[in-house]
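Residue numbers (my numbering), protein chains in the order written: chain B, 1 to 528; chain W, 1001 to 1110.
Quick caveat, the hints were computed from the structure, so don't treat them as lab data.
For each residue, glycine too, the CB sits at the ideal point set by N, CA and C.
Among the hints, erroneous ones may be present.
Some but not every residue of chain W turned toward chain B, in silico, with C-beta under 7 Å [what the hints assert, rightly or not]: (1) 1018; (2) 1055; (3) 1056; (4) 1062; (5) 1063; (6) 1090; (7) 1092; (8) 1093; (9) 1096; (10) 1100.
Here are the simulated DMTMM-like pairs of lysine to aspartate or glutamate, each with C-alpha atoms no more than 25 Å apart in a straight line [what the hints assert, rightly or not]: (11) W:1066 - B:285; (12) W:1042 - B:395; (13) W:1067 - B:392; (14) W:1031 - W:1015.
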Amino acid sequence: MRELEAVLIAFREGTHCEAAVWAQSENQTKPTSIGRSSSAAEMPDVFPEEVGELASARDGSMTVTRLLGQRPVWLALGPCEPEHRLDPRHVKLLLPVVAQFMRSSLEVEHAAMELAERYEEINLLYTIGEILGRTVTLEDATTTILTEISETVGARHASILVHEPETNELRAVAALGIPASEIRPIPVDDPISVSARVFRTQHPVIIVGKEEITGKESPYGRGEMLSVPIMWTTPGGGEPLGVVNLADRRSRQRYTAGDMKLVTAIATQIGTAIQNSRLVSSSLEQQRLLQELSLAHDLQMKLLPSTDLVAPEAQVTARVIPAESVGGDFYQLFRLGEQGIGVMIGDVSGHGYRAALIMALAMSASAIHAQNSAGPAQMLTALLGSLREELETTEMFISVFYAEVDAPRGKLTYANTGHPHAFVVRDDGTVIRLSAESPPLGMTETAPSALSVDWKKGSDLLVLFTDGISDARNAADERLGEEAVLKVIAAHRALPTADIVEEVFTMLGGHITNVRIRDDLTLVILRS
Amino acid sequence: MSFSIKKQGEVVVVDVEGQLIVGNRQELKQKVLDELEKGEKKFLIDFSQTGYIDSSGLGVLVSLSKKIREQGGELRLANLNDDLQTLFELTKLDTLFQISDTRERALESF
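Isolated chain W (complex conformation):
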């Protein structure tokens, strides 16, 4: 379980490897907030390496999305696997985030 952060153009891209769960969500949150603090505005979280997100993981995504919006920024998601895609649809979370199939499409959409 780890998060890697890199900058692609103007966008801060976060890769979530493994799971996003109660045990590591704070780490993701802190990393993204640190970047926000530095003045970054555009964020993309890529879930292509992610197997599972629990409810507190979803909570962090929502809270990050709010915080980024408050600073005039934007958070987008990409590469949800089928299970995650279903989870987002069933819980109507897909209405809260802009979700792209691929990283490239997500980067283009900013």
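So here's chain B without its partners, still in its complex pose:
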């Protein structure tokens, strides 16, 4: 206040009377001087309440008057040097000068406070930016952010609630000044809860008065609360993710529109943090799942036998393409000594893990039963015995075709439980269907029966495929159909089996183009 003092000193020099300005701030019990002409300017013993009143103080040696304005400020004149008296004209001269000065200085002070507040807010935004940049977990980020906001707006009780879609509740991820045990989850449709209302309406509110804060929010206490929705803004609009609650302000002042604006801005940042953390965790989870699936796919493919197993007696080509990374289709080949070669194709209903498990079980069980059974019917009966419990508990079933090709004796014996596409293609192009005699394993207790057909060594083809191939859809949603597959095979029947399979998949690729396959595709062709 050096400028003020310069004026007061000039006044003393001109009038030989002391002058001082006294002010009292809220937390002081008595006024203090904010400018004096000299140390001889004593503190008056009277400070009039009325503005404009000229009060006499210190036995008439001083005159004190209160200045116009919200703040209590007084101009005190006197005492004067001996031989000098205070002239009312001098008072009249000095009063407006000091009053003007005080007004200006008050404005400057307000501006400075405003600036300091803005500075704090900007600082807060910077801090939050940093927090979001470096913290990994959502809990860390929200707790730190909540501490920072509470510091800035002076809230003693605060929380961040996040919406859980599974339970449709708002659940606290961070809290300050409230024991965690007292913050209970709030159903979004809670009719009383302020947080639930703010979440539903997506509009911030300032609650004044204790009566409105009841129920699940009563732990916030003290009748003042600022509740702001946490929004995640998308190009298509906004989506609420949770709520920030601030209550029990340290200064006892009310929350202002400015506070609301600040917290809304920060809530957007929190929204981004929540969304980011969700995306990160779901992408990590997805990555893990993909890795596991690809591992399961590799395992499943390794279970399928090499077609070399039955060479040179039989020439076999097999191809399995799962619709998902793990599927329910499979084939199996066995050397049976005297009886020739065993060939199996199967399709477990459904896809994914459970189907893959049953497929693996069927693969291993059939390997044992094929060696110990007298013919295909007994083999499938034994296989059902091994799978029955698993099929019953999972409500799955399995269509299986199993044939024993005895080329030297010119005979193919087979049993078919619900497998739709099994054929012998003769060297003249004739196609013979090897029909199912009973429904898929797991659907009934009917024992499979076996049939046999003639087999011409070295020229007949055993053709097995799953409905994934005949049901494959093109862009117009038309099925490929069994006939189209058989036609291609019959046309290329003289080629090595590998080439025939290639022809079928080329034709299939031309049909489905870029349509995603929805079922596993399996084709096995054998010549023996």
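Place chain W on chain B using the hints.
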């Protein structure tokens, strides 16, 4: 894809619109089991609006048929299109269900 359920006389008739596949089979199953729970015994599933049934859809039909039989009830099917009819024949599923050409004939057969 949806299922509508209505009662015709003593028979609960379910219309399957679209497909019966892995994605919606549980919904069909639950709806039918709810009716079974209420004490209904006679069920007819009408496939005249159905284009495709995948293997897990077939699985649900078999499992429903078993559950209904266990309660002393009966499940019948009607209006399979040519593709579905072939599918049932090729997989021998036609031996597990009583299948009628039309809804009327199916209703009469109970």
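Cross-check of the supplied hints:
1. The beta carbon of residue 1018 of chain W comes no nearer than 12 Å to any beta carbon in chain B, farther than 7 Å, and the hint placing it at the interface is violated.
2. Among the interface hints, the one on residue 1055 of chain W holds; its C-beta lies about 4 Å from the nearest C-beta in chain B, closer than the 7 Å criterion.
3. Hint status for residue 1056 of chain W relative to chain B: holds, with the closest Cβ pair at about 4 Å, below 7 Å.
4. Given hint, residue 1062 of chain W at the interface with chain B, holds; its Cβ is 5 Å from that chain's nearest Cβ, closer than 7 Å.
5. About 5 Å separates the beta-carbon of residue 1063 of chain W from the nearest beta-carbon of chain B, less than 7 Å, and the hint is met.
6. A least Cβ separation of about 4 Å between residue 1090 of chain W and chain B falls short of the 7 Å threshold, and the interface hint therefore holds.
7. Hint status for residue 1092 of chain W relative to chain B: holds, with the closest Cβ pair at about 4 Å, below 7 Å.
8. A hinted interface residue such as residue 1093 of chain W counts as satisfied when its beta carbon comes closer than 7 Å to some beta carbon of chain B; here the least separation is about 5 Å, so the hint holds.
9. Taking 7 Å as the C-beta cut-off, the interface hint given for residue 1096 of chain W holds, the closest approach to chain B being about 5 Å.
10. Of the supplied interface hints, the one on residue 1100 of chain W is violated, with its beta-carbon coming no nearer than about 19 Å to a beta-carbon of chain B, more than 7 Å.
11. Using a Cα cut-off of 25 Å, the hinted pair residue 1066 of chain W and residue 285 of chain B is violated, with the two alpha carbons roughly 38 Å apart.
12. In summary, the hint linking residue 1042 of chain W to residue 395 of chain B is supported, as the alpha carbons are separated by about 22 Å, within the 25 Å threshold.
13. Between residue 1067 of chain W and residue 392 of chain B the CA atoms are separated by roughly 12 Å; this keeps the pair inside 25 Å, and the hint holds.
14. With a C-alpha separation of about 12 Å, the suggested pairing of residue 1031 of chain W with residue 1015 of chain W holds against the 25 Å cut-off.
Of the numbered hints stated above, those contradicted by the structure are hints 1, 10, 11, listed in ascending order.
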